[in-house]
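Novice: From just these sequences and the hints, can you work out the full model?
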Amino acid sequence: MNKNYIILTILMLVLAVGTLFLRMSNEPKQIDPEELLQEIIQPTRYVTTDQVAKMIIQGDPSLMLIDVRSTDEYIEYTLPGAVNIPLEDLLVEDNLLYLGIPGKKVVFVSNDDIKADQAWVLTKRLGYGSTYVLKGGINCWMQTIIDPQQPEETAAATDFETYSFRKGAQMYFTGAGSDDGGSNQVNVQVQRRQKSNVAAGGC
Amino acid sequence: MGPLIPNGVIGAGWDFVIAILIGIAFGFILEASGFSSSRNLAGVFYGYNFVVLRVFFTALIVAMVGLMYFDFVGWLDLSKIFILPTYLAPMVVGGIIMGFGFVIGGFCPGTSFTGIAIGKLDALFFTIGLYLGIFGFSLAFPLFEGFYNSGSMGNITLTDVTGIPAPYFALAFTVIALAAFWGTMFIEKKVRKNMKQYKF
Amino acid sequence: MSKDKIIDNQSKYINPYLGGVLLGLLILLTIYITGRGLGASGAIKSAVVSTSNTIAPSATQANAYMGQFVSDDHSPMYTWLVFESLGVLLGGLLSGLIFGRVGRFRTDHGPKITAKKRWLLALLGGALFGIGSQFGRGCTSGAALSGSATFAFGGVIVLFGIFGTGYVIAYFFRKLWI
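Chains as they are written, first to last, in the numbering used here: chain A, 1 to 203; chain B, 204 to 403; chain C, 404 to 581.
Calculated directly from the structure, the hints in this document are not laboratory data.
Every residue gets a Cβ at the ideal spot worked out from N, C-alpha and C, and that includes glycine.
Any given hint might turn out to be false.
Pairs of lysine-lysine residues, derived as DSSO-like cross-links and limited to a Cα-Cα distance of at most 30 Å, are as follows [unchecked claim]:
id, chain 1, residue 1, chain 2, residue 2
1, B, Lys396, C, Lys578
2, A, Lys105, A, Lys54
3, A, Lys3, B, Lys393
Each pair of labels, with its calculated beta carbon distance range [what the hints assert, rightly or not]:
id, chain 1, residue 1, chain 2, residue 2, range
4, C, Thr457, B, Val364, 39 to 47 Å
5, C, Ile458, B, Leu346, 19 to 27 Å
6, B, Lys392, C, Phe502, 23 to 31 Å
7, A, Asp147, B, Ala292, 55 to 63 Å
8, A, Ile7, C, Leu428, 15 to 23 Å
9, A, Gly59, B, Val364, 38 to 46 Å
Specialist: Here's what the structure looks like:
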């Protein structure tokens, strides 16, 4: 009996000492390059300006816009309810709390979609799910929502539907004469993740 | 991959089925180890029965070390598991009060349930006491609400507090626990020799 | 119940280290599945809130402590820990049946006190444990064991609080047990 205990004691010690070496080879954690490539190839990370406009208008609580441009650009113009996290500050711990909230869709916004794409790759590597990129960025937003072009008369009926939606959205976002971009802040509640995401309460 | 339910691998509908199954395993292990008897439990404080120390600390170090390996293999994302929030002063006081409760009452909540299951009346009274205690706490809550919420430090781990990586704590706990297992083996033998009338 | 039978039972307990390893693996499994550890006192809290809510709903919802656990869409009993604790009861019964420890109602007490005194003390100890577990955000299984196992600072505080106090005061309560 005693002999078994000695073996078990040594086994437990070896296992415990082993954990010290595990972590070193394991840090920092990385997503498998193959997997990342697969995700990058997929166009599913893009959301269109129409989709975002619709979500903002409907007050979709699952939408979280993150503007990754500089603070100056953010102050000048941004989308309603967007939070400003300049790309260079993305990895600051406080800013990471915006990501990974269950049930939230994070959409990165930049002037075109390059910076937003970069932010998206970074968050993927950190292992966060449900992050998206605004296709075409603010430029596309301006072209499609703020200043929509009427389609040719020969265009398909769906184009006219899109156009009429965009016209409506234009009214919504620029409406009531307040044309200066910075002040169109819709009151959107910004939610941050708590350090743990499982409900507390009890033993 | 894990934890399964927070990651949506298992639907939330299975929650309560899993809860009962895990509970059954928990109760079985406690009872089979002898935790359904208050005299076994109290023995840890008097040196005549260290079953609490053995089971408790074996479980603790197995879980601690196991978590490290689970994280390494990628089964568990340690950042996603629930970390008990820390309220410094209330927890110290709570721990002390529970220490009194343990020595006087001879059970802790989980073990008293298994005691009831096999017909121990003292376990039943302990559980009634638990109920009354929590009820009394709720009624008197406004008196110490400030204290109850004081010292909040958030969901912090030992690593957050000390800066020392978790594996070192796992190793430290393992070494201490193993030393305690060997030490108490001799203490128990010695104490039991002097306690001829000891019966469970 | 004769003493012989009770002493006989002693040999039927499983090896404590085996029990410990199984319990440790169970904690791992529980964390793997649910993201959190085991618990027990939370179930009693749910029972308190739900009985109180049935008898005096308005007073309960007005209560600063219990009010936060009352919700409109389901009973306070409909929580993970209540189901888990039900399982603990069943598991204890199962083990008791397998190892032949289920018997008529009986009381464990030290040789120097009576069963009635033991009941009173168990009641008192339970009440203290109940109060302490609210301050400590969990009891031995929830805070001390599962909390410490996940390296939570608070779990370790409760762990040392319970066992530290236990050893310090054990001497003064020795007549209860030996």
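Novice: Indicate, hint by hint, whether the structure satisfies it.
Specialist: Taking the hints in turn, this is what the structure says about them:
1. Note on Lys396 of chain B and Lys578 of chain C: the hinted pairing holds, with a Cα-Cα distance of about 19 Å set against a maximum of 30 Å.
2. Between Lys105 of chain A and Lys54 of chain A the CA atoms are separated by roughly 14 Å; this keeps the pair inside 30 Å, and the hint holds.
3. Proposed proximity of Lys3 of chain A and Lys393 of chain B is supported: the alpha carbons are some 21 Å apart, at most 30 Å.
4. Between Thr457 of chain C and Val364 of chain B the CB atoms are about 42 Å apart, so this pair conforms to the stated range of 39 to 47 Å.
5. Taking the beta carbon of each, Ile458 of chain C and Leu346 of chain B are about 22 Å apart, inside 19 to 27 Å as hinted.
6. Judged by the Cβ atoms, the range 23 to 31 Å given for Lys392 of chain B and Phe502 of chain C holds: they are separated by roughly 25 Å.
7. Between Asp147 of chain A and Ala292 of chain B the C-beta distance comes to about 60 Å, which sits within the given range of 55 to 63 Å.
8. For the hinted restraint 15 to 23 Å between Ile7 of chain A and Leu428 of chain C, the CB-CB distance of approximately 19 Å keeps it satisfied.
9. At about 41 Å, the CB distance of Gly59 of chain A to Val364 of chain B agrees with the hint of 38 to 46 Å.
In terms of the numbered hints stated before, the structure departs from none.
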